[in-house]
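Enquirer: Based on the provided sequences and hints, a complete structural model is requested.
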Amino acid sequence: MASLQELVDYCDTRTRRAAFKDAPGAFNGLQVANDGRVTKVGAIVDSGVAPFRKAVAAGVDFLVAHHGMFWDMPRPITGPVYGRVSTLVLGNCALYSCHLPLDAHPEIGNNALLARQLGLAPDEPFLVRDGEPVGWVAAWADTRAALRSRLESLYARVVPVECGPERPGKVAFCSGSGNSAIPGMLAVGVTTLVTGELREEWFNVAQESGLNVYLCGHYATETHGVRALAAELAEKFGLPWEFIATENPL
Numbered sequence: 000m001a002s003l004q005e006l007v008d009y010c011d012t013r014t015r016r017a018a019f020k021d022a023p024g025a026f027n028g029l030q031v032a033n034d035g036r037v038t039k040v041g042a043i044v045d046s047g048v049a050p051f052r053k054a055v056a057a058g059v060d061f062l063v064a065h066h067g068m069f070w071d072m073p074r075p076i077t078g079p080v081y082g083r084v085s086t087l088v089l090g091n092c093a094l095y096s097c098h099l100p101l102d103a104h105p106e107i108g109n110n111a112l113l114a115r116q117l118g119l120a121p122d123e124p125f126l127v128r129d130g131e132p133v134g135w136v137a138a139w140a141d142t143r144a145a146l147r148s149r150l151e152s153l154y155a156r157v158v159p160v161e162c163g164p165e166r167p168g169k170v171a172f173c174s175g176s177g178n179s180a181i182p183g184m185l186a187v188g189v190t191t192l193v194t195g196e197l198r199e200e201w202f203n204v205a206q207e208s209g210l211n212v213y214l215c216g217h218y219a220t221e222t223h224g225v226r227a228l229a230a231e232l233a234e235k236f237g238l239p240w241e242f243i244a245t246e247n248p249l
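For what it's worth, numbering that gives the first Met the number 0 labels the leading residue of the sequence shown as 0, then goes sequentially.
Rather than coming from a laboratory, the hints here were simulated on the basis of the structure. Just so you know, nobody snuck in bad clues.
Ranges between beta-carbon positions, derived for each pair:
1. Val158 <-> Ala18: 29 to 37 Å
2. Ala56 <-> Asn247: 17 to 25 Å
3. Phe26 <-> Leu249: 16 to 24 Å
4. Phe69 <-> Arg128: 15 to 23 Å
5. Ala244 <-> Ala120: 25 to 33 Å
6. Thr38 <-> Gly130: 34 to 42 Å
7. Met0 <-> Met72: 29 to 37 Å
Ideal placement from N, C-alpha and C gives every residue a C-beta, glycine not left out.
Expert: Okay, structure coming up:
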């Protein structure tokens with residue numbers, strides 16, 4: 000057993016939460032408290048009644064989420080919002096949200112881990128916001144066909160947009176939504192991007208600018224960071240942990 004405050008302090012420090020100016024409403028950090036004790040850590044990508052119920056049923060009392068609850072707050076605590084809050088409170092399950100800090104982290108962040116699962120070293124900052132890099136770039140010595148094949152072995156669905164060079168040289172990584180990544184990669188001269196999803200209009204930009212883009216799913220590309228942080232918490236504090244999966248195909 001560990002204290003809730005110990006885990007919160009560790010997460011805040013490890014993710015450098017305070018260094019990031021996130022999207023309005025992200026509210027990184029502890030969003031819902033419990034009775035102050037933690038016996039099991041859980042990890043989810045998205046906050047919602049269904050994953051919260053799964054976490055409570057699994058005995059989780061400290062839940063790390065990439066997407067927290069408060070993106071469109073303030074809202075009345077009624078309907079689905081009440082369902083979320085009441086599930087956590089009645090289940091004595093704390094919720095800790097970590098968005099951009101857990102995309103950006105050079106060791107346990109989504110983008111660094113996207114690169115490392117391909118055996119690459121993410122060593123070039125990408126998408127620098129307020130002095131903090133959110134994405135990472137890594138050298139790729141093989142062909143784009145080899146990159147596509149490797150990604151297809153890791154993800155259930157990969158949408159390739161191959162309008163760039165056969166041998167990219169470098170690959171940029173931006174988990175989740177890649178809509179801000181295309182201008183960023185053009186600015187640093189990188190022609191190949193691995194991301195989760197894009198709006199439709201970026202296809203023309205890829206054609207016109209000679210880019211390779213691989214869409215692996217918003218949800219799927221953002222499972223890595225919460226898993227890594229939960230596993231690290233479990234090891235440090237001697238606790239069990241579990242990833243709470245959903246059937247999100249997007």
